[in-house]
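Engineer: Chains as they are written, first to last, in UniProt numbering: chain A, 1 to 450; chain B, 1 to 450.
Be aware that one or more of the hints could be misleading.
One copy or two, it doesn't matter: identical chains are merged, so the pair holds either way.
What the hints assert, rightly or not - Simulated pairs of lysine to aspartate or glutamate, EDC-like, Cα-Cα distance not exceeding 20 Å:
1. LYS89 / GLU71
2. LYS363 / ASP393
3. LYS363 / GLU71
4. LYS89 / GLU284
5. LYS166 / GLU405
6. LYS313 / GLU25
Derived by calculation from the structure, the hints in this document are not laboratory data.
Number of protein chains: 2
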Amino acid sequence: MTTKFLLDESRIPTHWYNLQADLPEPLPAVLNPATHEPVTPADLEPLFPASLIEQEVTTEREVPIPEPVREVYRQWRPAPLYRAHALEKALGTPARIYYKYEGVSPAGSHKPNSAIPQAFFNHEAGIRRLTTETGAGQWGTSLSYAGALMDMDVQVFQVRVSYNQKPYRRAVMETYGARCIASPSNETEFGRSVLADTPDHTGSLGIAISEAVELAAQDPGTKYALGSVLNHVLLHQTVIGQETMEQMAMAGDSPDVIVGCTGGGSNFAGFAFPFIGQSLRGGESPRVVAVEPSSCPTLTRGQYAYDYGDTAKMTPLTRMHTLGSGFTPPGFHAGGLRYHGMAPLVSHAKQLGLFEAVAYPQKACFEAGILFARNEGIVPAPEANHAVRGAIDEAIRCREEGSAETILFNLCGHGHFDMAAYTSYFAGELSDHEYSDEELAMALSGLPSV
Amino acid sequence: MTTKFLLDESRIPTHWYNLQADLPEPLPAVLNPATHEPVTPADLEPLFPASLIEQEVTTEREVPIPEPVREVYRQWRPAPLYRAHALEKALGTPARIYYKYEGVSPAGSHKPNSAIPQAFFNHEAGIRRLTTETGAGQWGTSLSYAGALMDMDVQVFQVRVSYNQKPYRRAVMETYGARCIASPSNETEFGRSVLADTPDHTGSLGIAISEAVELAAQDPGTKYALGSVLNHVLLHQTVIGQETMEQMAMAGDSPDVIVGCTGGGSNFAGFAFPFIGQSLRGGESPRVVAVEPSSCPTLTRGQYAYDYGDTAKMTPLTRMHTLGSGFTPPGFHAGGLRYHGMAPLVSHAKQLGLFEAVAYPQKACFEAGILFARNEGIVPAPEANHAVRGAIDEAIRCREEGSAETILFNLCGHGHFDMAAYTSYFAGELSDHEYSDEELAMALSGLPSV
Numbered sequence: 001m002t003t004k005f006l007l008d009e010s011r012i013p014t015h016w017y018n019l020q021a022d023l024p025e026p027l028p029a030v031l032n033p034a035t036h037e038p039v040t041p042a043d044l045e046p047l048f049p050a051s052l053i054e055q056e057v058t059t060e061r062e063v064p065i066p067e068p069v070r071e072v073y074r075q076w077r078p079a080p081l082y083r084a085h086a087l088e089k090a091l092g093t094p095a096r097i098y099y100k101y102e103g104v105s106p107a108g109s110h111k112p113n114s115a116i117p118q119a120f121f122n123h124e125a126g127i128r129r130l131t132t133e134t135g136a137g138q139w140g141t142s143l144s145y146a147g148a149l150m151d152m153d154v155q156v157f158q159v160r161v162s163y164n165q166k167p168y169r170r171a172v173m174e175t176y177g178a179r180c181i182a183s184p185s186n187e188t189e190f191g192r193s194v195l196a197d198t199p200d201h202t203g204s205l206g207i208a209i210s211e212a213v214e215l216a217a218q219d220p221g222t223k224y225a226l227g228s229v230l231n232h233v234l235l236h237q238t239v240i241g242q243e244t245m246e247q248m249a250m251a252g253d254s255p256d257v258i259v260g261c262t263g264g265g266s267n268f269a270g271f272a273f274p275f276i277g278q279s280l281r282g283g284e285s286p287r288v289v290a291v292e293p294s295s296c297p298t299l300t301r302g303q304y305a306y307d308y309g310d311t312a313k314m315t316p317l318t319r320m321h322t323l324g325s326g327f328t329p330p331g332f333h334a335g336g337l338r339y340h341g342m343a344p345l346v347s348h349a350k351q352l353g354l355f356e357a358v359a360y361p362q363k364a365c366f367e368a369g370i371l372f373a374r375n376e377g378i379v380p381a382p383e384a385n386h387a388v389r390g391a392i393d394e395a396i397r398c399r400e401e402g403s404a405e406t407i408l409f410n411l412c413g414h415g416h417f418d419m420a421a422y423t424s425y426f427a428g429e430l431s432d433h434e435y436s437d438e439e440l441a442m443a444l445s446g447l448p449s450v
Numbered sequence: 001m002t003t004k005f006l007l008d009e010s011r012i013p014t015h016w017y018n019l020q021a022d023l024p025e026p027l028p029a030v031l032n033p034a035t036h037e038p039v040t041p042a043d044l045e046p047l048f049p050a051s052l053i054e055q056e057v058t059t060e061r062e063v064p065i066p067e068p069v070r071e072v073y074r075q076w077r078p079a080p081l082y083r084a085h086a087l088e089k090a091l092g093t094p095a096r097i098y099y100k101y102e103g104v105s106p107a108g109s110h111k112p113n114s115a116i117p118q119a120f121f122n123h124e125a126g127i128r129r130l131t132t133e134t135g136a137g138q139w140g141t142s143l144s145y146a147g148a149l150m151d152m153d154v155q156v157f158q159v160r161v162s163y164n165q166k167p168y169r170r171a172v173m174e175t176y177g178a179r180c181i182a183s184p185s186n187e188t189e190f191g192r193s194v195l196a197d198t199p200d201h202t203g204s205l206g207i208a209i210s211e212a213v214e215l216a217a218q219d220p221g222t223k224y225a226l227g228s229v230l231n232h233v234l235l236h237q238t239v240i241g242q243e244t245m246e247q248m249a250m251a252g253d254s255p256d257v258i259v260g261c262t263g264g265g266s267n268f269a270g271f272a273f274p275f276i277g278q279s280l281r282g283g284e285s286p287r288v289v290a291v292e293p294s295s296c297p298t299l300t301r302g303q304y305a306y307d308y309g310d311t312a313k314m315t316p317l318t319r320m321h322t323l324g325s326g327f328t329p330p331g332f333h334a335g336g337l338r339y340h341g342m343a344p345l346v347s348h349a350k351q352l353g354l355f356e357a358v359a360y361p362q363k364a365c366f367e368a369g370i371l372f373a374r375n376e377g378i379v380p381a382p383e384a385n386h387a388v389r390g391a392i393d394e395a396i397r398c399r400e401e402g403s404a405e406t407i408l409f410n411l412c413g414h415g416h417f418d419m420a421a422y423t424s425y426f427a428g429e430l431s432d433h434e435y436s437d438e439e440l441a442m443a444l445s446g447l448p449s450v
């Protein structure tokens, strides 16, 4: 039995929800890496248009969604909410399980929720070109899609090892008309300096960020776009949670537990923040659980400290849960969710005790995703498998406790682009990596003293 | 601007539409390959359950869709209809272009429309296992998905060369719990005989069909499932066209031209037959255009004759447009649509002059798909690119004629699983192949004399 809760498209949210308005304590300042003084909007102007900088710093509860952005959202939004009857039955749980499904976007994930407005606000500011970095390619794909629809040139620096290993993602970006360049490249000073030193360098996200930022900073017609971490990116994603709240009301149910996966934090925040805000304003207070990979355990084993956003230490310093900007996740990790830090707003909410966090090894997550696919018919992205694992474990707890709770999770994308990870799983090629305390301490020893 | 026409899920059709009820001349008989006498339902019983055989031969106009099948359809149906405003603008055409989008299914294409009922009717008949063949993997994926939801074992014989070259498709099938076997295999007598002769045989669709059929015929608990060509498969796909008719009414518009792509014929028939039936019953009569690859030009250059459905000449003889069962499309052709024959019902409708057919080389189709993606945001499957090309060329004709016609096409699937084909296109590795008359005549010289 399929129970799908679909909102009419007139119900696409008209505003993004800003958790900052409801926080009991304000977000710690972002610091200039040279002076350690709080950054000013002017510091950010070489990289972002004024409208997005305003969204980055505003504490207004509601930020209006421009009508042209809602128009594009209408291509796939409101996204469906499903009741997972078959999964419940397979688990023999008394719990009711619901999932919001963001894989219906043309890019197959939640990422366009922010790529579209970022392209829109840049275009409105007269910017003609966006630069960004991408690892596996999910964000690069989404920004390329947004660029095609919003008539912007997009230049994506893709980590060279992914560029070589994952030509299909690049093909998607090129189909959308974006330029995808292997990083380190000869197109930036920083890229050339890396290549001069190590001609066969396989690249890193840190280097790719540095190249994308360098290009944007040089040319007034070019800005930089980031797919997670920043406040305005999290803000854009709150369409997910807002729709879900209305759909849960349609279902005549309300969640006891909310589960999302975390990498940089954008899908988790977009899904959970509207619920956390409701709770902070005195409404219903479900438990909120963030699930992260135990091979990159930012929230569960990281330190809450000021750190750089990139490996090259060029970005402002933000207070966040971090494993140290020099942290490198294990060489072969199938999913995304590999960022060394965590969105400052997510980190702050964690510090305030507004949600819990758990970490899972990747094989247990693939196992959960496969059980989900066989019962619910959708093959989740490897990242989304972490949320599936978290939801299933909550449902198993309900079974053991005989507790008929309502579990709600976000399925942030489908796995159609990522079947190589499943192939590796079935071939027994994936391994789980748990860092020792010593290893983590070593990566953290390089934190800047602020 | 996005204009999406979404039906409420109560509007999922309650019946499949059977074109046979409205045809001015009945479909020619299917012949037993040994006796050349018409086949009886009993001849088909080793392979299909009675309910599907009944659907294969019925001339009733409406065949009820069982409620459990509609329940599964609800996971993604009704599928959206879009107005392609951005594409219209890019083409500078006065035409209005609409497209139905079947890529929203969990398998990414229209194929589950038939996979789900085939699994359901087999399950209802007490069958525990389905066998099938697959080339690139679109149908194998869909039947595996259906098997997972309907609690059936699925065994897919995948042409060995695809099995080796496309491990991701296999991973999808395995994620759904299906067994995917490289064909020729050691699991059937026929497979063993092929391997005994040629140990490194790369396989063919014909061999894979023979293996799947052999396994089904041997075991009373196992039946065979086919993803196109047969009447009951086309029947199941008519949910596409029925929904589209209602959505066009929502849009307050009606098509002057309808475009679909043809391989075996199932997505074309499912989309176009409800419109053709309406026309045959005295209603509106849009032009209907079938688009096929010029490298496998069944409808445009094939012969309308009795032929075998498989290369091994084991299947019944059907009257259809065929290039000869020995015809082999060029070694590297990126899309699907490679079947040597055409669905008998589609062929018969063509013979009756109920639609037109055109053929396009594959590079022109990729070019069209890329233009579509950059304007409409969805990356089409290589097969679907043929329909996109056909629709774009109709829109260009409208521009040249200054004619504000309404063009409607079926976008039968997304290309997320098939980005390797785009990679080849961008790398300049695709070539167009046009057969000479002599080459085609040679393939046709082997037609059985009936």
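Engineer: If a hint holds in the structure, say so; if it doesn't, say that too.
Structural biologist: Verification of the supplied hints:
1. In this assembly of identical chains, the alpha carbons of LYS89 and GLU71 lie at most 20 Å apart only when taken from different copies (16 Å versus 38 Å within one copy).
2. Taking the shortest alpha-carbon separations for LYS363 and ASP393, only the intra-copy value of 14 Å comes in at or below 20 Å, while the best inter-copy value is 49 Å.
3. Within a single copy, LYS363 and GLU71 get their C-alpha atoms no closer than 39 Å, and across copies no closer than 32 Å, so neither meets the 20 Å cut-off.
4. When the C-alpha separation of LYS89 and GLU284 is checked against a cutoff of 20 Å, the pair qualifies neither within a copy, at 27 Å, nor between copies, at 48 Å.
5. Taking identical chains as interchangeable, the C-alpha atoms of LYS166 and GLU405 are never at most 20 Å apart, the minima being 41 Å within one chain and 42 Å between chains.
6. Taking the closest pair of Cα atoms, LYS313 and GLU25 never come within 20 Å of each other, the shortest separation being 28 Å inside a single copy and 76 Å across copies.
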